Every structure is written in C-alpha cells, then in structure tokens.
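Enquirer: Next come the chains, spelled out residue by residue.
2 protein chains.
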Amino acid sequence: MQLLKDRIRRDGKVKEGNVLKVDSFLNHQMDTKLFREIGKEFKRRFEGEEINKILTIEASGIGIACVVAESFDVPVVFAKKTQTKNIAADVYKSRVESFTHGRVYDIIVSQEFLGPKDKVLLIDDFLANGKALEGLADLVRLAGATLVGAGVVIEKGFQPGGDAIRAKGIHLESLAIVESMDEKTGEITFRE
Amino acid sequence: MQLLKDRIRRDGKVKEGNVLKVDSFLNHQMDTKLFREIGKEFKRRFEGEEINKILTIEASGIGIACVVAESFDVPVVFAKKTQTKNIAADVYKSRVESFTHGRVYDIIVSQEFLGPKDKVLLIDDFLANGKALEGLADLVRLAGATLVGAGVVIEKGFQPGGDAIRAKGIHLESLAIVESMDEKTGEITFRE
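Note that the protein sequences, when read in sequence, are chains C and X.
Under the working numbering, think of the first position of the first sequence as 1, with each following residue one higher.
Under the working numbering, think of the first position of the second sequence as 1, with each following residue one higher.
Since the hints were made in silico from the structure, they are not lab data.
The reader is advised that the hints may include incorrect statements.
Since the list gives no way to pick out one identical chain from another, each pair is judged satisfied if it fits inside one copy or across any two copies.
Claimed, not checked - DSSO-like cross-link-like pairs, simulated, lysine-lysine; straight-line CA separation at most 27 Å: (1) 131 <-> 80; (2) 33 <-> 168; (3) 119 <-> 21; (4) 93 <-> 21; (5) 117 <-> 33; (6) 117 <-> 21; (7) 131 <-> 81; (8) 80 <-> 184; (9) 117 <-> 13; (10) 81 <-> 5; (11) 80 <-> 21; (12) 93 <-> 15; (13) 13 <-> 40; (14) 93 <-> 13; (15) 40 <-> 131; (16) 81 <-> 21; (17) 21 <-> 184; (18) 33 <-> 43; (19) 184 <-> 93.
These numbers come from a predicted model, not from an experiment.
My request is simple: use the sequences and hints to build the entire structure.
Expert: If you want it as structure tokens, here you go:
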C-alpha cells in the first residue's frame with residue numbers, strides 16, 4: 001500500500017535494536033484518515049471472503065480494528081491482556097510471549113462474543129515475532145470459529161512472525177513489509 | 001441519545017455492586033455502527049467548537065475515540081496506563097486512582113503529540129468517579145493545550161464524577177446518564 005509506505009518513510013523513525021517508531025500516526029497518535037484508507041485496502045484484499053467479526057488485541061490494535069470494521073460493516077471484539085491468576089470461567093484463554101516487553105501474559109475473550117458461527121478476520125498494527133497473532137488464532141480455534149485471515153498494517157519481514165503465520169496456512173495480508181532498516185541513515189527498505 | 005438508551009436497556013446487564021455491563025456493544029465487543037452514530041451526536045453537541053485533537057485513555061476508550069474522530073476529522077491520541085517506575089523524560093504524566101480496580105496508576109502521553117496549539121476534546125466510554133477524565137484534563141493542562149470539553153458515552157449519574165467534572169467548568173456531554181439501576185429487576189432509569 002503505497003500511501004502507507006510513503007507515510008512510514010516520512011514519519012517513521014528507525015531506532016536502535018530494530019525498533020521502528022510510528023507512534024506519530026499508528027499507535028500513540030492515530031491518523032484516522034489513514035486508518036480509513038487502510039480499512040478500504042483490507043476490504044479489497046479480502047474481497048469475496050465471508051467475514052462477520054474482527055478480532056484484535058488491546059491496546060493499539062483497537063483503533064485500527066474499529067475503523068477497518070466500518071469498511072466490513074461488522075463488529076469488533078478485542079482480546080484483553082491479563083496477568084490475573086484467577087481467570088473467569090466463561091472466557092477463552094491463550095498465552096502470549098512478548099519479546100518486546102520480555103514477559104508472558106494471558107489473553108482472554110468472553111465466550112459470549114466468539115463462537116462457531118463467527119468467521120473471523122484478525123487485525124493488528126504490527127507483526128514481528130507473530131506471537132500475538134498466534135494467540136488470537138488460538139482463541140478463534142478454542143471458540144470453534146472460522147479463521148478467515150489476518151491483516152496487519154506493518155510486518156517486520158526480517159523477523160520470523162510473518163513466515164510462521166503463512167506456514168500455518170493462514171491468509172495473511174501485510175500492507176507494508178519492512179525488509180530492512182538502517183538505524184544510522186534511517187533508511188527503510190520495503191519488500192516488493 | 002435515544003438510540004443509545006434503547007440499546008443499553010436492551011443489551012445492558014445490571015450486576016451486583018452498581019455494575020452496568022455493556023460489553024456486548026461498547027467495551028469488549030464493539031458495535032462500530034453504533035459508534036458512528038455516537039460520533040455524529042458528539043459532533044452535533046460540540047458544533048461550533050474548534051477541536052483539532054481527541055484525547056482518550058487505553059484500552060476501551062480507543063475504539064470509540066477513533067470512530068468519533070472521523071466525524072471531527074481530527075487525529076486521536078491515547079494516554080497509556082503504566083505502573084512503570086521509570087517514566088521517560090519526554091512525556092506528560094498524571095496519576096489516576098481507579099475505584100473499580102482498587103489501584104493507582106500513572107497515565108502518560110508523549111510531549112510530541114500534545115502541546116499549546118491543541119484544542120482538545122476528551123472522549124471516554126464510561127464516567128463514574130471521574131478520575132480518568134480528571135487525569136486526562138490534567139495532561140491537557142500540563143501540555144499547555146486548550147481543553148474544549150469532554151464527551152462520554154455512559155455517565156453513572158449516581159456516582160460523583162459527572163458533578164465533579166461540571167464543577168470544574170468543563171463542558172461535559174454524556175450521551176446517556178443512568179440515574180438508577182435495580183439489580184433485582186434489571187431496570188435502568190435515565191436522567192431526562
């Protein structure tokens with residue numbers, strides 16, 4: 001998606017340790033006009049697929065998921081992160097290992113809002129090691145719902161998440177795949 | 001807002017301890033069609049006000065804020081909750097006491113995304129004790145930005161937050177004000 005790549009090149013900041021900061025438009029300040037275009041692009045890429053629910057994960061996935069959901073005309077459910085030991089009985093639960101934050105947490109979704117009739121598109125802002133998407137896919141499986149695919153805004157192509165998700169046979173659409181970044185020059189190369 | 005009140009009466013569940021569960025459409029599963037109508041209603045209620053940024057707080061405020069922002073054609077910034085002791089230097093910070101969760105946490109926003117030129121509308125899903133809104137208003141003040149007003153979807157009128165916010169002279173618009181709830185009958189009475 002050219003508009004997105006241009007925006008990443010213009011406003012993204014490459015930091016030490018393969019960090020790409022896009023918090024001026026994607027995950028702290030949020031450009032909802034761009035989100036609207038992102039929604040149209042996902043709609044185009046999943047054209048013909050039957051989708052009746054979008055599943056995302058708190059916190060920064062929620063904004064994009066909600067605007068994207070308007071293009072699909074479906075509700076959003078977001079999985080909650082929790083470190084509480086006492087999880088309520090009426091939820092589906094999966095475990096996610098976060099490399100970025102160096103911790104493990106549970107993600108939960110109420111059984112009321114995910115079930116066998118749901119045809120689910122996963123939406124998230126970033127894909128790096130893929131653990132969050134895998135956790136969401138696990139929730140879909142536990143609920144007996146159908147996983148239609150996954151849409152992410154930015155995939156770090158030099159990290160293993162994208163390949164792992166594709167190897168599972170999941171239809172993954174990444175709107176911008178970063179092939180490499182140079183923290184000295186700030187240069188960002190996208191996969192064609 | 002009649003559409004919202006009807007929806008709360010239909011799908012809201014009154015639980016012990018003055019809890020109103022609206023997680024089927026507002027803060028776990030999210031009805032983005034309803035959010036769009038909520039956006040139009042806030043736009044109408046703040047008609048004529050100059051607003052160039054919406055500020056909300058993670059996590060459940062983000063979805064509504066993003067859809068509402070489309071009606072105002074402005075970006076959203078969300079304050080992050082943190083319990084980290086080492087807060088970065090380039091953020092504004094306030095402290096919020098959560099009665100619901102019985103804990104105190106810091107909320108932060110990058111100084112890059114809130115400043116003297118910003119005319120800010122606060123958006124949140126719930127208003128009970130008002131501590132989250134007060135924290136957000138504090139961030140606006142610290143940034144030297146202008147606080148135009150606050151829009152909340154559901155105000156619990158029997159808790160002190162709404163009155164406290166109005167007493168500070170903040171232009172508060174609540175789309176549904178719950179005057180009382182009966183956990184035995186499930187009956188919900190709205191303020192006229």
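Enquirer: All hints are to be evaluated individually against the structure, with a verdict given for each.
Expert: Against the structure, the hints come out as follows:
1. 131 <-> 80: Cα proximity of residue 131 and residue 80: in one copy and across copies (15 Å, 22 Å).
2. 33 <-> 168: This pair counts as neither: shortest intra-copy Cα distance 33 Å, inter-copy 33 Å.
3. 119 <-> 21: Only across copies: residue 119 and residue 21 sit 25 Å apart there, 32 Å inside one copy, limit 27 Å.
4. 93 <-> 21: between (30 Å within a copy, 20 Å between copies)
5. 117 <-> 33: For residue 117 and residue 33, only the inter-copy Cα distance (20 Å) is at most 27 Å; the intra-copy one is 32 Å.
6. 117 <-> 21: For residue 117 and residue 21, only the inter-copy Cα distance (23 Å) is at most 27 Å; the intra-copy one is 38 Å.
7. 131 <-> 81: both (13 Å within a copy, 22 Å between copies)
8. 80 <-> 184: Answer is neither: 37 Å inside a copy and 29 Å across each miss the 27 Å cutoff.
9. 117 <-> 13: Result: close only across copies, 23 Å inter versus 42 Å intra.
10. 81 <-> 5: Neither: 30 Å inside a copy, 30 Å across copies.
11. 80 <-> 21: both (23 Å within a copy, 16 Å between copies)
12. 93 <-> 15: Result: close only across copies, 23 Å inter versus 33 Å intra.
13. 13 <-> 40: within (26 Å within a copy, 35 Å between copies)
14. 93 <-> 13: between (35 Å within a copy, 23 Å between copies)
15. 40 <-> 131: Intra 26 Å, inter 37 Å, cutoff 27 Å: intra-copy only.
16. 81 <-> 21: both (22 Å within a copy, 19 Å between copies)
17. 21 <-> 184: Classified as within; 14 Å inside a copy, 50 Å across copies.
18. 33 <-> 43: The answer is both: 16 Å in one copy and 17 Å across copies each meet 27 Å.
19. 184 <-> 93: neither (41 Å within a copy, 31 Å between copies)
The structure fails to meet hints 2, 8, 10, 19 from the earlier list, while all remaining hints are met.
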